[in-house]
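Given the structure of chain A, go ahead and fit chain B onto it with the hints provided.
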Amino acid sequence: MECQVALTGKGYVLVAADTVAARSIVKMKHDEDKIKVLGSHLLMSYSGEPGDTVQFAEYIERNLRLHQIRYLQPLRPSPAAAWIRRQLADSLRSRSPYSVNLLVGGYDIATSEPHLYWVDYLGTLAHVPYAAQGYGSYFVLSLLDRYHNPEATLEEGIETLKRCIAEMEKRLIVGLGKFKVKIVDKDGAREIEL
Amino acid sequence: MQINGGSVIAMVGKNCVAIASDLRLGNQALTVATNFEKVFPVTDRIYLGMAGLATDVLTLRERFRFRVNMYTIKEEREIEPETFAHLVSSTLYERRFGPYFIEPIIAGITSPAKGSKPFIAGADLIGCLNFAKDFVVVGTASDELFGIAEGLWEPDLEPEDLFETISQTFLNAVDRDAFSGWGAIVHIITPEKVITRKLQARMD
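Protein sequence lines, in the order shown, are assigned to chains A and B. Residue numbering for the first sequence follows the numbering used here, beginning at 1 and increasing consecutively. Residue numbering for the second sequence follows the numbering used here, beginning at 1001 and increasing consecutively.
Don't read these hints as lab results, they were simulated from the structure. Check the hints yourself; a few may be wrong.
[Stated by the list, open to error] Short derived list, chain A residues pointing at chain B, Cβ under 10 Å:
# : residue
1 : GLY11
2 : ARG86
3 : SER96
4 : LEU125
5 : HIS127
6 : VAL128
7 : TYR138
8 : ILE192
[To be verified] Over 12 Å on every C-beta distance to chain B, these chain A residues come out as not near it, computed from the model:
#  : residue
9  : MET1
10 : LYS10
11 : MET28
12 : GLU32
13 : GLN55
14 : ARG65
15 : LEU75
16 : ARG85
17 : ASP90
18 : ASN101
19 : THR153
20 : ARG171
21 : GLY177
22 : ASP185
23 : GLU191
Backbone N, C-alpha and C define an ideal beta-carbon position, used for all residues, glycine too.
Chain A on its own, in the form it takes in the complex (with noise of 0.2 Å):
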């Protein structure tokens, strides 16, 4: 039942994931955080297996930060992208493939422009407007189908966030809690309260 969203608008990346740590059917933990900040502006929401996830978002952070001290600058959100998608690839046929699904934001500092990649366990990868993983895309997809405006201001943008969780709440059968959200633009990478 985990579930993620996430949204640009102009000049921002949305990034928003439940906050339960779930085991079969009993809620262990709700104040998960399921967003990793991977740099200065450089957002990374993961779901999946259990213990396959952490571990594999660390791996993705600690490289990434190896990349940065290496080369004195991070990498971009489309090659930082492709990078983890291709970590992803060359584990699915492996003995032992990471089961992991992925929305990666960014702000490309160069261009000033907010990307968003959707990105699942089999190595597929998604540039995209707007994106979701879990149960509750089938939904969510759908209001973004209709309310998403890329030209939105990050007033409109979590106006139309909030409807997303707002219909969660209201039709998938177990209810999330809450939700945590982080935003990427220009100043960087930060939580904030919805």
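Structure of chain B alone, referenced to chain A:
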């Protein structure tokens, strides 16, 4: 093969070839993106289309770019379409018992030294080549594409007529397939230039 959906077609004309793909990327019945192109330039005169598992489409695009670059450096010339078709075939057959789940289509024009002749070829997921003289189709709408192409295609079409034929064939075929569609892109390759056009399609 049917997880992500998508279809590709290539056709031969008079001194030209055309190759087209749809733009849908799905996850089963859910459409994730509508900007996912499945046809990529290999050289100025050769295009490669791939239908099937999207992760392998992306991996193989990178792999072929690498192998074609190595060929160009070693041979100090551009690769011929027929040679490239064999490169595709052997790359796929390398994974005979754990294949990449894609079916490729190659469309190109041979070099002026070889007479600038149109060339198309298709292959299955383990690299069995099919050198067709008329058209090749792959993807989730391949049955529909075969039928319509069989009815509409004729020999020696000029570039603009070939564009019309491939576009009508493709759009009408993908409209009957739930896993393909959401827009299409067509490349017409002639010895002088490549014309690329995006097609307006039904968005359902």
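How the hints compare with the structure:
| no. | hint | in the structure |
| --- | --- | --- |
| 1 | GLY11 | violated (20 Å) |
| 2 | ARG86 | holds (8 Å) |
| 3 | SER96 | violated (16 Å) |
| 4 | LEU125 | holds (6 Å) |
| 5 | HIS127 | holds (7 Å) |
| 6 | VAL128 | holds (5 Å) |
| 7 | TYR138 | holds (7 Å) |
| 8 | ILE192 | violated (26 Å) |
| 9 | MET1 | holds (17 Å) |
| 10 | LYS10 | holds (19 Å) |
| 11 | MET28 | holds (28 Å) |
| 12 | GLU32 | holds (24 Å) |
| 13 | GLN55 | holds (20 Å) |
| 14 | ARG65 | holds (24 Å) |
| 15 | LEU75 | holds (16 Å) |
| 16 | ARG85 | violated (7 Å) |
| 17 | ASP90 | violated (9 Å) |
| 18 | ASN101 | violated (10 Å) |
| 19 | THR153 | holds (24 Å) |
| 20 | ARG171 | holds (15 Å) |
| 21 | GLY177 | holds (24 Å) |
| 22 | ASP185 | holds (23 Å) |
| 23 | GLU191 | holds (26 Å) |
Going through the hint list in order, the structure does not satisfy hints 1, 3, 8, 16, 17, 18.
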